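If you want the working numbering, it's the position in the sequence shown, counting the first as 1, plus 527.
What the hints contain is simulated information worked out from the structure, not anything from laboratory work. These numbers were taken from a predicted model, which means no experiment stands behind them. From the three backbone atoms N, C-alpha and C, an ideal C-beta is built for every residue, glycine too. Just to be clear, a hint being listed does not mean it is correct.
What the hints assert, rightly or not - With beta-carbon atoms standing in for the labels, derived distance ranges:
#1 VAL546 to ARG571: 16 to 22 Å
#2 LYS777 to THR618: 39 to 45 Å
#3 GLU675 to ASN549: 44 to 50 Å
#4 ARG687 to GLU624: 19 to 25 Å
#5 GLU624 to LYS707: 33 to 39 Å
#6 ASP760 to GLU675: 34 to 40 Å
#7 SER594 to THR618: 16 to 22 Å
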Amino acid sequence: MPTSIRLGTVILPDEPWKVSRNHWREAEDLGFDHAWTYDHLTWRDLREKAWFSALPVLTAAALETTSLRVGTLVASANFRHPVSFAKELMTLDEISEGRLTLGFGAGGAGFDSTALGQAPWSAEERASRFEEFVTLLDQVLVNPATSEFQGEFYSAHEARSIPGCTQQPRIPFVIAGTGKRGISLAAKFGSGWVSNGDSSNPLEATEQEHFMSVQKQISMLRDECARIGRDFDSIDRVFLASSRNEAWMKSASEFERLANMYQEIGFTDIVIHRPRISQPFAGDLDVYREIAKLTR
Numbered sequence: 528m529p530t531s532i533r534l535g536t537v538i539l540p541d542e543p544w545k546v547s548r549n550h551w552r553e554a555e556d557l558g559f560d561h562a563w564t565y566d567h568l569t570w571r572d573l574r575e576k577a578w579f580s581a582l583p584v585l586t587a588a589a590l591e592t593t594s595l596r597v598g599t600l601v602a603s604a605n606f607r608h609p610v611s612f613a614k615e616l617m618t619l620d621e622i623s624e625g626r627l628t629l630g631f632g633a634g635g636a637g638f639d640s641t642a643l644g645q646a647p648w649s650a651e652e653r654a655s656r657f658e659e660f661v662t663l664l665d666q667v668l669v670n671p672a673t674s675e676f677q678g679e680f681y682s683a684h685e686a687r688s689i690p691g692c693t694q695q696p697r698i699p700f701v702i703a704g705t706g707k708r709g710i711s712l713a714a715k716f717g718s719g720w721v722s723n724g725d726s727s728n729p730l731e732a733t734e735q736e737h738f739m740s741v742q743k744q745i746s747m748l749r750d751e752c753a754r755i756g757r758d759f760d761s762i763d764r765v766f767l768a769s770s771r772n773e774a775w776m777k778s779a780s781e782f783e784r785l786a787n788m789y790q791e792i793g794f795t796d797i798v799i800h801r802p803r804i805s806q807p808f809a810g811d812l813d814v815y816r817e818i819a820k821l822t823r
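The whole structure should be built from the sequences, with the hints applied where relevant.
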């Protein structure tokens with residue numbers, strides 16, 4: 528196993544805290560470098576089942592642990608505003624003593640996008656909101672006394688996020704985006720960039736086809752960093768093994784083989800899901816624990 532690669536886990540917010548707290552404790556005990564949760568109002572096939580809010584869960588997780596980094600993977604603009612979100616993030620960063628990372632993406636066209644009663648956004652509007660949201664969020668967090676911002680979709684007037692983030696100049700952003708605009712945002716604002724592959728790949732796509740897709744994405748990020756004069760090595764490259772990448776969780780040896788492949792093309796971090804009893808992400812907890820041992 529490559530000793531320099533970092534390992535993270537996603538713990539879905541679908542169980543009561545008296546159960547879930549043990550998962551977060553275990554993630555730290557197993558030696559994971561970071562642990563994440565999804566930020567949705569509800570999610571896919573679990574829409575009619577228990578689903579808890581990301582930021583309170585992360586706050587509780589931060590209080591339950593001492594060294595584990597925690598974060599959203601990922602939040603979006605679907606039901607948030609940059610000014611109020613900045614205040615919540617600043618507070619969570621203080622409570623966690625500087626262990627918060629914000630994973631942020633454009634969001635999808637699912638339940639979250641219409642839950643507040645708004646009309647669905649076009650793909651173009653979604654991408655534009657993504658850019659504007661990240662720009663204003665960065666401004667409010669870096670400048671706790673932001674006076675004015677007037678964009679097409681978001682505005683701020685005498686916004687305050689004092690005293691500012693524990694991590695200076697602000698919490699790290701890990702930007703999700705596999706197209707040109709998302710990768711450009713990651714290169715400009717991100718401490719990291721995250722991909723879970725190419726969602727346009729067919730279900731029957733081969734391992735090599737998935738690999739070639741992310742290899743192309745890494746190349747795009749490298750080119751964009753070069754274009755704006757940023758050191759490519761200054762940005763973390765995170766791969767989230769999602770439901771379309773089930774081979775990652777077959778065995779510890781299979782994980783190790785794939786992790787070596789992905790590190791060779793430039794990924795610095797791999798994130799796996801804590802297995803659930805049923806789909807999505809049904810799996811073997813023993814395999815999960817064996818994988819965690821690989822990076823110790």
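Hint check results:
1. VAL546 to ARG571: 16 to 22 Å: holds (21 Å)
2. LYS777 to THR618: 39 to 45 Å: For LYS777 and THR618 the Cβ distance comes to about 40 Å; the hint holds.
3. GLU675 to ASN549: 44 to 50 Å: For ASN549 against GLU675, whose Cβ atoms are near 46 Å apart, the range 44 to 50 Å holds.
4. ARG687 to GLU624: 19 to 25 Å: holds (22 Å)
5. GLU624 to LYS707: 33 to 39 Å: For LYS707 against GLU624, whose Cβ atoms are near 37 Å apart, the range 33 to 39 Å holds.
6. ASP760 to GLU675: 34 to 40 Å: Roughly 36 Å apart at Cβ, these two residues keep to the hinted range, so it holds.
7. SER594 to THR618: 16 to 22 Å: This hint holds: roughly 20 Å between Cβ atoms.
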